[in-house]
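If you read the sequences in order, they're chains A and B. One gets our numbering by counting positions in the first sequence from 1 and adding 6 to each. Take the second sequence: its position 15, counting from 1, is numbered 8 in our numbering, and each next residue is one higher.
You may find that some hints are simply not true.
[As the list claims (entries may be wrong)] Output of the computed footprint for chain B on chain A, the stretches with three or more beta carbons under 8 Å from beta carbons of chain B:
#, stretch
1, 248 to 259
2, 428 to 439
3, 468 to 481
4, 561 to 571
5, 575 to 585
[Stated by the list, open to error] Simulated pairs of lysine-lysine, DSS-like, Cα-Cα distance not exceeding 25 Å:
#, chain 1, residue 1, chain 2, residue 2
6, A, K584, B, K41
7, A, K481, B, K41
8, A, K165, A, K390
9, B, K79, A, K547
10, A, K478, A, K584
11, B, K57, A, K584
12, B, K45, A, K584
13, B, K273, A, K614
14, A, K165, A, K175
15, B, K273, A, K607
16, A, K437, A, K166
17, A, K396, B, K57
Source of the hints: derived by calculation from the structure; they are not laboratory data. We put the beta carbon where it would ideally sit given N, CA and C, even for glycine.
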Amino acid sequence: MNTDIYRNLLIALAVLASSAVISPILAGRRKLAGVVNFLLTSIAGVILLVVAYGAIFGEGEHAAQLISFGPLGIHFLVDGFAGLFIGIVSFMAIISAFYSIEYMEHYPEYHLRWYYLCYPLFIFGMILLLTVDDLSVGFSIAWQIMTISSYFLIKFEYKKKENVRGANKYLVLMELAWLLVLVGTFFIGGYHFGDSMHEIVQKIGETGGVYLYAMYGFLLVGFGFKAGVFPLGQLWLPDAHSIAPSPISALLSGVMLKTGIYGIMRTFLFMVPANATFDGMTWGMIVATVGVLTLFIGTVQSMKQSDAKRLLAYSSIGQIGYIVFAVGAAMVMLNVQDPLIKTLALIAMIGSLFHVMNHAIFKGLLFLTSGSVLYATGTKDLNKLGGLIKIMPVSAVIAGIASLSIAGMPPFSGFSSKWTIISTSLLAGNKVMVLVIFGIIALFTSAVTLACYVKFFGMMFTSVGHEWNVKKEVKEVPAVMLIPKIILTLVCLTQGLMPFIFYRVVINVFQRSAGSIVQGQYATYDFSQMLNVSLLGIQVKDFYTASVSAAAAPIVVLIVVACAFLISYLFRISGGSKEVTAPTWLCGYQELNNLNRYTDKSMFAALKNLLWWTGGNGKNQ
Amino acid sequence: MDIVYSFINVLVFILCAPLYDGIMRKITARVQSRQGPPVVQPYYDILKLLGKNTVNSADNWSFKLAPVAAFASIIAVVFLVPFAFKQNFASRYADIITVVYLLTLGGVSVLLGALSSKNTFAMIGASREMVTMIMVEPVLAMTLILGAVKFKSLALQSTMYSVTSFGYSASIIAMMVVYLLALQAFVGKQPFDISEAEIEILEGPFIEYSGPNLALFKFYMMMKQMFYAFLFIAVFIPFAETGYYIVDIVIQLAEMLGVFILIALIGSTNPRLRIDQAVKYYAVLIFISICAVGLSVKGF
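Chain A with its partners taken away, still in its complex shape (with noise of 0.2 Å):
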């Protein structure tokens, strides 16, 4: 099984290189090329999704193992941890290969060398990231070639000014992070360059003191920097995210700055000696600190955007926010001598990385969407649209469902993953009053997120306007661009509906991901005593009394009101009555123009004069 894993994992890498060789070959052809990337993506991504499969699912524990290349030998390292990331990298970059095909071609003007040049290379150096066992020269190879790779992929429509000033600024800033990161490696006393994450945990083992806390630090910073965190997300992340070609956008978004999540997790989860000269409390206190100011402040300034897939971008700060936030409140929790707390930790240690999963998914298909506007209208302008709801209905409904996940509305897949997280927050602030603080500020902050996404949404497919500002014909975009829209859509209902599955997959993660510090408790845990998880739902049960605690039941909520629905329909048309139509009426005096509509600049304008101290007011292109 162990050597399978490795194998499989090498060869779809190979699958990657090969793409990378023969597609740009092709790209005369543009759509010929486009369809060959898009089959060996998905044959390196099928494979992998088998290699996450067996990580996860499979028997018996995994060991890293070295692998050669020539005179350079390697440690890699493919547990259930790493499995589901790979997972969830494979599955958008299938996505993304299929959706690129029809939406590289509105962009007739640049050749698409490049870009399938550097796609499938993106997608290995991502795989390459999450699999290498070290801090060293694995982790640098696979951090370059993601880094560089990404760059030009961002840099695609170099003919404008601001997109080249744009991705150089993220290729200087992510080689900042990686410098970083290896500079935090130095502290570790007796640290050779290669050594494998193994023996770099008996190595921080035995160092002590203020070493390690300069250690951590680095490495937070350094992997805060690619996850995107406050402050040092926004001097990037916008104008990569909102400049990249869309099906990109939402790799950088739904996948890449999980990596940076990844390295937060194996920083603070695994590079965590048995001894104690670990301060999980301290380092649990900063992580969970970190992550609620990025929470907060990255969706206010979402919330002040005008342009949809810059508004897309500061909204994705915010939800890597609470990731980063659940995390810190795990390791929070962890240090509380409390049973019931500590079984609380694991509950938001999930919550986290179901947040991953489900970010990763409802992202990607907010900004296929806000790509498929622009394909359809040529504009991201939120001033600009308006009104795309009767022509795009397919591409409406699904951005509806997205926006709700993302806001957290039951029984959509947002409200699951944040559920976990704000509930078990507010249920071990009895004891860590911070925490009841934190679990306010992210309750709050899910109504920010939901502002934001009714004016993406009503700025874009309600209201009016398109039709005074987009000089050509807007239709529905082609069928090839909606099948991978509709596949996600899918999903991102399922992980609404069902997050049961989900839960077990990251529990299975996380027994199956020897030398965290949570394992053991993850195996020797009875979850059951406190943690019912079944088709109808999540439950939480009290520790002593054994009564419900804590309920998210989408399906029940669902069932209710979908019931609630057929009530007020029936009573709607109860009276029978019949509908006539009109035009818009403005008291008399005026006929609806472009001129007197409400623009963004008005909307939220209190809400945004109170919160102006967050920042990300600037200039709206």
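For this one, chain A is given, so just place chain B on it according to the hints.
This is chain B only, laid out in the frame that chain A set:
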């Protein structure tokens, strides 16, 4: 079998919500030295609207979906709450976070309707409604969280009726004051009827709505008012639990009447604030409620 209580909740709320609205209109009229409509006027209004033609200026499906969704969401909320001290089936499948989110869903439906109607006044109303929602939602959440931290449980029954187990404390009193100060904003009455503001932006989000769609929205507003009145008496004055279900219902309905009289008196004697003034006011309320939660964690 406790699901029966959920259905009774819905029935009681649907039957009583217009009555309370009628009483409020009567009181408001009397305060303003008018005769006022009969207390059953809201029932007539709704029945009449159901038979009227729908004027649709929007020409898209979300315009028609929104009122149904709004009414459905408030029914779902009412379905879940432990009205008259009766634990219902929700205790196993929903908690306060679910209820907070479902209430938000109602607000979102109003916004969807407003945005779909293409009317600039509706957009102004939607923007104000969203801001109000963001700012009062934390107060609502913290009202419930206050009990939750004491009980170490987010279940609806225990958090809503926490006073019956723990009695009054400094934090509960502080929260009660905040709730009363936020009450008009919860129910959308003066001085916080900013998003509808009849004489300023012509009912804001509802400007383009007519006929049965408007009836649904009106009903949604009435149900929402009744829910917030119920929440107040459940969280802050949950007394006189007799153990007889029907008596408990009557007592709680009577207590709610008191809350509605208060709403009507404040509403009829206050001018409307501007949204920027209101936002600052809400910010203070949020701050006080965070302090109250902090006190509650510390055991006060």
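Structure-based check of each hint:
Judged by the Cβ-Cβ criterion of 8 Å, the stretch 248 to 259 of chain A is not covered by chain B as claimed, because only 0 of its residues qualify and three are needed. Coverage of the stretch 428 to 439 of chain A by chain B holds. Counting CB-CB distances below 8 Å, 7 residues qualify, and the rule asks for three or more. Coverage of the stretch 468 to 481 of chain A by chain B holds. Counting CB-CB distances below 8 Å, 3 residues qualify, and the rule asks for three or more. For the stretch 561 to 571 of chain A, the stated coverage by chain B holds: 6 residues have a C-beta nearer than 8 Å to a C-beta of that chain, and at least 3 were required.
Closer than 8 Å: that is the beta-carbon criterion, and the stretch 575 to 585 of chain A has 10 residues meeting it against chain B, so the requirement of 3 holds. Distance check on the hinted pair: K584 (chain A) and K41 (chain B) sit about 14 Å apart at the alpha-carbon level, within 25 Å; holds. Straight-line distance between C-alpha atoms of K481 (chain A) and K41 (chain B) comes to about 41 Å, which puts the hinted pair past the 25 Å bound. The suggested pairing of K165 (chain A) with K390 (chain A) holds, with an alpha-carbon distance near 23 Å, which does not exceed 25 Å.
Distance check on the hinted pair: K79 (chain B) and K547 (chain A) sit about 20 Å apart at the alpha-carbon level, within 25 Å; holds. In summary, the hint linking K478 (chain A) to K584 (chain A) is not supported, as the alpha carbons are separated by about 36 Å, beyond the 25 Å threshold. For the hint pairing K57 (chain B) with K584 (chain A), the CA-to-CA distance comes to about 13 Å; that is within 25 Å, so the pair holds. Taking the CA atoms of K45 (chain B) and K584 (chain A), the gap is about 8 Å. The hint holds against a cut of 25 Å.
With a CA separation close to 12 Å, the supplied pair K273 (chain B) and K614 (chain A) stays within the 25 Å bound. The straight-line distance between the Cα atoms of K165 (chain A) and K175 (chain A) is roughly 16 Å, inside the 25 Å bound, and the hint therefore holds. Proposed proximity of K273 (chain B) and K607 (chain A) is supported: the alpha carbons are some 20 Å apart, at most 25 Å. In summary, the hint linking K437 (chain A) to K166 (chain A) is not supported, as the alpha carbons are separated by about 54 Å, beyond the 25 Å threshold.
Restraint check for K396 (chain A) and K57 (chain B): satisfied, since their Cα atoms lie roughly 13 Å apart, inside the 25 Å limit.
The earlier numbered hints that this structure contradicts are 1, 7, 10, 16.
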